[in-house]
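S.K.: All chains should be built: construct the whole structure from the sequences, respecting the hints.
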Amino acid sequence: MTTDTTEADERTTAYWILRGMRQVLSAPALILITAHLGFAGLAREAGIGWLEASFMVFTIWALPANLILLGAVSAGLSLAAAAFAVGLSSLRLMPMVIALLPDLKGPRTRPLTLYLLSHFIAVTAWVVALDRLPDIPRDRRTTFFAGFAVTLTVINTLAVAIAFNLMGQLPALVTGALAFFTPVYFLTSLYGSARDMTGRLALFTGMLAVPLGNWLAPSFDILIAGIVGGVAAYAIGRARSARAA
Amino acid sequence: MSSGWTYDAFSAPWWPFAFILLAGWLPTDAWRWLGVASAGRIDEKSPTIALARAIATSLVAAVIARLVLFADGSLQQIPIPVRIAALALGFLAYLKLGRHTLVAILVAEIVLLGVPWALGII
Numbered sequence: 000m001t002t003d004t005t006e007a008d009e010r011t012t013a014y015w016i017l018r019g020m021r022q023v024l025s026a027p028a029l030i031l032i033t034a035h036l037g038f039a040g041l042a043r044e045a046g047i048g049w050l051e052a053s054f055m056v057f058t059i060w061a062l063p064a065n066l067i068l069l070g071a072v073s074a075g076l077s078l079a080a081a082a083f084a085v086g087l088s089s090l091r092l093m094p095m096v097i098a099l100l101p102d103l104k105g106p107r108t109r110p111l112t113l114y115l116l117s118h119f120i121a122v123t124a125w126v127v128a129l130d131r132l133p134d135i136p137r138d139r140r141t142t143f144f145a146g147f148a149v150t151l152t153v154i155n156t157l158a159v160a161i162a163f164n165l166m167g168q169l170p171a172l173v174t175g176a177l178a179f180f181t182p183v184y185f186l187t188s189l190y191g192s193a194r195d196m197t198g199r200l201a202l203f204t205g206m207l208a209v210p211l212g213n214w215l216a217p218s219f220d221i222l223i224a225g226i227v228g229g230v231a232a233y234a235i236g237r238a239r240s241a242r243a244a
Numbered sequence: 000m001s002s003g004w005t006y007d008a009f010s011a012p013w014w015p016f017a018f019i020l021l022a023g024w025l026p027t028d029a030w031r032w033l034g035v036a037s038a039g040r041i042d043e044k045s046p047t048i049a050l051a052r053a054i055a056t057s058l059v060a061a062v063i064a065r066l067v068l069f070a071d072g073s074l075q076q077i078p079i080p081v082r083i084a085a086l087a088l089g090f091l092a093y094l095k096l097g098r099h100t101l102v103a104i105l106v107a108e109i110v111l112l113g114v115p116w117a118l119g120i121i
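Protein sequences, first through last, are from chains P and E. Once you know that position 233 of the first sequence is 232 in numbering that gives the first Met the number 0, the rest is easy, because the numbers rise by one and skip nothing. Once you know that position 95 of the second sequence is 94 in numbering that gives the first Met the number 0, the rest is easy, because the numbers rise by one and skip nothing.
Everything labelled a hint here was simulated from the structure, so no lab data went into it. Predicted model, so just to flag it, every value in this text is computed and none were measured. Be aware that one or more of the hints could be misleading.
Once the Cα atoms are required to be at most 25 Å apart in a straight line, the calculated SDA-like pairs of lysine to any residue come out as [unchecked claim]:
id : chain 1 : residue 1 : chain 2 : residue 2
1  : E       : Lys44     : P       : Met196
2  : P       : Lys104    : E       : Ile48
3  : E       : Lys95     : E       : Val106
M.R.: If you want it as structure tokens, here you go:
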């Protein structure tokens, strides 16, 4: 552990920003770019413009929320219903922020810095940050994280803008094949980052509940499946851990 | 449901962006700010947080299933059983071949495009 070394303080802010930016070349970050190529394909298939799609990536910066918003737009949901569905899916960011903050915060970090940086916390940035931050001197961690996470967001926004426009020149099936990257990326990365049985179970109950939700109310199938699947996974998880104890 | 303030409700050029900010950005960043505000005050392992996390995970899982079952556009050319098999075999490859997402994507794409090609559908 090189935490809190005095020698580290002599290196400049630019050094730590660049060191953070270099993490964009890590495997999770590169895979995220692939998944965003899939998002560009999905947005195109859903009939949304390239500027709107790129704007979604930068302002929302959570691929699941973006996919839900995209689904809500294609289903013709109202603003309130779309915001409700997105809000439910983004709820997962709150425990993630709570878990990351003790690692990110330095002794003199201002709250405003944390509020601004929190926008860039999403699954991939979270996984990389939890892995890398312990090796960064504590008073340089926000700088390092900003260098990494802001760069990651900008690169993915640009990737969607460029890929969206290039796809017009590719056969339609290529767009479909790219769009299929996204479900595979989410299934494997969420399975890999699930901390317990309930987390892994919630993936399968959520998928299995979709036909039920679609049969009950096609426009709200994601919401219904998410709530039914999540409650079922939580109940099974609790029952099993109670029996094990 | 299709009445009211939908994405296509107004022809003003700024409306889609306002819709994205209100339906996407605000309900997402609000949770991040709440996370910053309550860090150190809420126990990350409490049952409420665990249930919230399970519902959030299931929502993303529902998105995954919807992308595969009710695909838009050119993916509709590929039969549903092939799409399901592509996702399942990609996931199986992830589990059995060292947990690499890129391996899963590669296997899924081979099934997704290879089977319809061999059957002469595409």
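S.K.: With reference to the structure, classify each hint as holding or not holding.
M.R.: Checked hints:
1. E/Lys44 <-> P/Met196: Status holds; Cα separation ~14 Å.
2. P/Lys104 <-> E/Ile48: holds (22 Å)
3. E/Lys95 <-> E/Val106: With a Cα-Cα distance of about 12 Å, the restraint between lysine 95 of chain E and valine 106 of chain E holds, given a limit of 25 Å.
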